[in-house]
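Q: Sequence:
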Amino acid sequence: MMDRIMNSLSYSRTEWSGSDDGKNTNNTDPTTETTAANTNTSTTSTPNKKSLRVLFLSSDTGGGHRASATSLAQQFEVLFPGSTYELCDIVQLDGPPPYNMLVKSYKHLSAHPHQWKLVYSVSNTRAYEMLADVHMKSAMERAVRKRIMEKGPDVVVSVHPLMTNVPVLACSNITKETGKHLPIFTVCTDLGSAHSMWFANGVEKLFVASEAIKGLAMQRGKVPEEKIVMSGLPIRYDFSVQATNMGERHSEG
56 MMDRIMNSLS YSRTEWSGSD DGKNTNNTDP TTETTAANTN TSTTSTPNKK
106 SLRVLFLSSD TGGGHRASAT SLAQQFEVLF PGSTYELCDI VQLDGPPPYN
156 MLVKSYKHLS AHPHQWKLVY SVSNTRAYEM LADVHMKSAM ERAVRKRIME
206 KGPDVVVSVH PLMTNVPVLA CSNITKETGK HLPIFTVCTD LGSAHSMWFA
256 NGVEKLFVAS EAIKGLAMQR GKVPEEKIVM SGLPIRYDFS VQATNMGERH
306 SEG
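When we follow the numbering used here, the leftmost residue of the sequence shown carries the number 56, and every step to the right adds one.
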């Protein structure tokens, strides 16, 4: 599962300009977190692969988004030793109301399930999706583009539904302005059903965990099938190694 995600994430690696070092920049902003990707593993990485600066777009609205980003970051370290990653909540930093109150609103709604259901149902309609798309792009794309350029990532990975449409446009504009391709990927952290805002068509690849999500991506987001990768959900590297070892022991038996 993790191998399929990382193989696809690195498929166009030759087009990226990886960082030659793994240095972090100090950042005290509570909505961002910069970390050296680190795993205690004996995995042998491919020689001469440059380290990467990876920018994960996420928010503390449930544990799955951060956990997925951390799991993927560990795999980047295995494949590209010395890589660093940063988690950034661009909606809280640069978004217009009501989106910039996302974390606070989530905490309230998670304690009031009937309100959560209403908000989810209304926001998951085609009309709201189109309105939100225009509103968010016009209100925050320039700020998001500036923030991404300041952070200077080699690759952007979104693990949150509200951080797909605007970053896709921002990365496209950055590519045009700099002449350097900045790839952006989406890893959908939902399994059985998913909000329509996960499915921005302009990503390099969209990673999904089930046929149900794949169908939604093609129907609601008009994402071409060739851009969709059935990868399962990201899991911690240690779990992946353990599962592989268990499988090898069973096959030997």
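Hints listed in this document are in silico derivations from the structure and should not be mistaken for laboratory results.
Some hints could be false.
Label pairs and their calculated CB-CB ranges [what the hints assert, rightly or not]:
(1) PRO151 - TRP171: 32 to 40 Å
(2) LYS235 - SER176: 20 to 28 Å
(3) TRP171 - GLY234: 21 to 29 Å
(4) ASP115 - GLY247: 33 to 41 Å
(5) GLN274 - TYR161: 24 to 32 Å
(6) PRO168 - ARG197: 31 to 39 Å
(7) LEU186 - LYS162: 46 to 54 Å
(8) GLU281 - ALA166: 40 to 48 Å
(9) LEU186 - ASP115: 23 to 31 Å
(10) THR233 - ALA166: 29 to 37 Å
(11) LYS172 - LEU246: 17 to 25 Å
C-beta atoms are modelled at their ideal positions from N, C-alpha and C, and glycine is treated no differently.
Q: Run every hint past the structure and note whether it holds.
A: Each hint tested on the structure:
In this structure, PRO151 and TRP171 break the distance hint of 32 to 40 Å, their C-beta atoms being roughly 22 Å apart. Between LYS235 and SER176 the beta carbons are some 41 Å apart, a value that contradicts the proposed interval 20 to 28 Å. Checked against the hint of 21 to 29 Å, the C-beta distance between TRP171 and GLY234 comes to roughly 44 Å, which is inconsistent with it. In this structure the hint that ASP115 and GLY247 lie 33 to 41 Å apart at CB is violated, the actual value being about 22 Å.
A hinted range of 24 to 32 Å holds for the C-beta pair GLN274 and TYR161, which are about 26 Å apart. In this structure the supplied range 31 to 39 Å holds for PRO168 paired with ARG197, their Cβ-Cβ distance being about 36 Å. Checked against the given bound of 46 to 54 Å, the beta carbons of LEU186 and LYS162, roughly 25 Å apart, lie outside it. One distance hint, 40 to 48 Å for the beta-carbon pair GLU281 and ALA166, holds here, with the actual separation near 41 Å.
A hinted range of 23 to 31 Å for the beta carbons of LEU186 and ASP115 is consistent with their spacing of about 25 Å. One distance hint, 29 to 37 Å for the beta-carbon pair THR233 and ALA166, is violated here, with the actual separation near 44 Å. Between LYS172 and LEU246 the beta carbon distance is about 18 Å. The supplied range of 17 to 25 Å therefore holds.
Hints 1, 2, 3, 4, 7, 10 from the earlier list are contradicted by this structure; the remaining hints agree with it.
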